[in-house]
Amino acid sequence: MFEAAIFGALAQTALIVGALLVWRFRNLTKPLTMGLIMAFGAGAVISAVGTDLVAVSYDEAGAGPTALGIGIGCLGYFFIVMWLERRGKSDLPESPVVSATEKGLHHQPVGASKREARNLFVGMIIDGIPESVSIGLTVHLAAPGVSLALVGAIFVAGLPEAIGVAAALLAGGMTISRILARFGAIVVIGAVFGLIGYASLVGASPAVIATIQSIAAGALLVVVVNEMIPIAVRGAKHWAGPVAAAGFVFAAGMTWVTGG
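Position 113 (the sequence shown) corresponds to 110 in this note's numbering; numbering is contiguous.
Treat each hint with caution, since some may be false.
[Said to hold, decoys possible] Between beta-carbon pairs, the in silico distance windows are:
#: 1; residue 1: V199; residue 2: L29; range: 20 to 30 Å
#: 2; residue 1: F22; residue 2: V205; range: 34 to 44 Å
#: 3; residue 1: W236; residue 2: A52; range: 27 to 37 Å
#: 4; residue 1: K234; residue 2: M(-2); range: 41 to 51 Å
Just so you know, these hints were derived from the structure itself, not from any lab. Built from N, CA and C at the ideal position, the CB exists for glycine as well.
Make a model of the complete structure from these sequences and hints.
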């Protein structure tokens, strides 16, 4: 049982590793470098949505539960973010473009704003929960090698995203201690929901499991389009597309190699 918690946490430690890499190698916060990394991470996330989440959910339970999960994840994330923005509207900074124009700057900031940082953090939590639940399920239902392969695939696919997000947060002015605290909370969440997947969903119908898996897909689609791609394009400009394609192929290759 505790193996499920350990595996769930391990898969999310890519966030900590990514943050420490950015902190140690500060060149990763340069606009071009950060944009390229975020583009690569966006491609990896898109691959995870299509290959690891939607395709698996469809194979397990068909179109209905998969579409339901995508809708819940998409609308759930969207409305959570909208609620947070209304609640903290007075604390939000000015638009980066407007702020730069008024101050007479000749470049557009590429670091994540407070709004983007918060939205990315919410998206990473929503993404991590179904992943951890799936890991807990494999610990109970499959061989240990299957669980380790899944943990490795989630870790490797999540590392570029973690580096990109951490770089954007640092460039936006957030301290490394705050970043590690936030990412550490997601690691704890991974452990908790790994246990939940192990203990509570064994014996659940394929429709329930498919719905839970596809919830992450809907949320991640919104995260990629609203938060990751704008940061990638600001920094990498026209190179963002090809690098995102490389990230897609890399993450898909990890899934194929591990037998996903």
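To see whether the hints hold, each was checked on the structure:
1. The supplied range of 20 to 30 Å is broken by V199 and L29, whose beta-carbon atoms lie about 47 Å from each other.
2. Range check, F22 to V205: about 43 Å between beta-carbon atoms, so the 34 to 44 Å window is met.
3. For W236 and A52, the hinted distance range of 27 to 37 Å is satisfied, since their beta carbons lie about 28 Å from each other.
4. As the Cβ distance of K234 to M(-2) is approximately 49 Å, the hint placing it in 41 to 51 Å holds.
The earlier numbered hint that this structure contradicts is number 1, and it is the only one.
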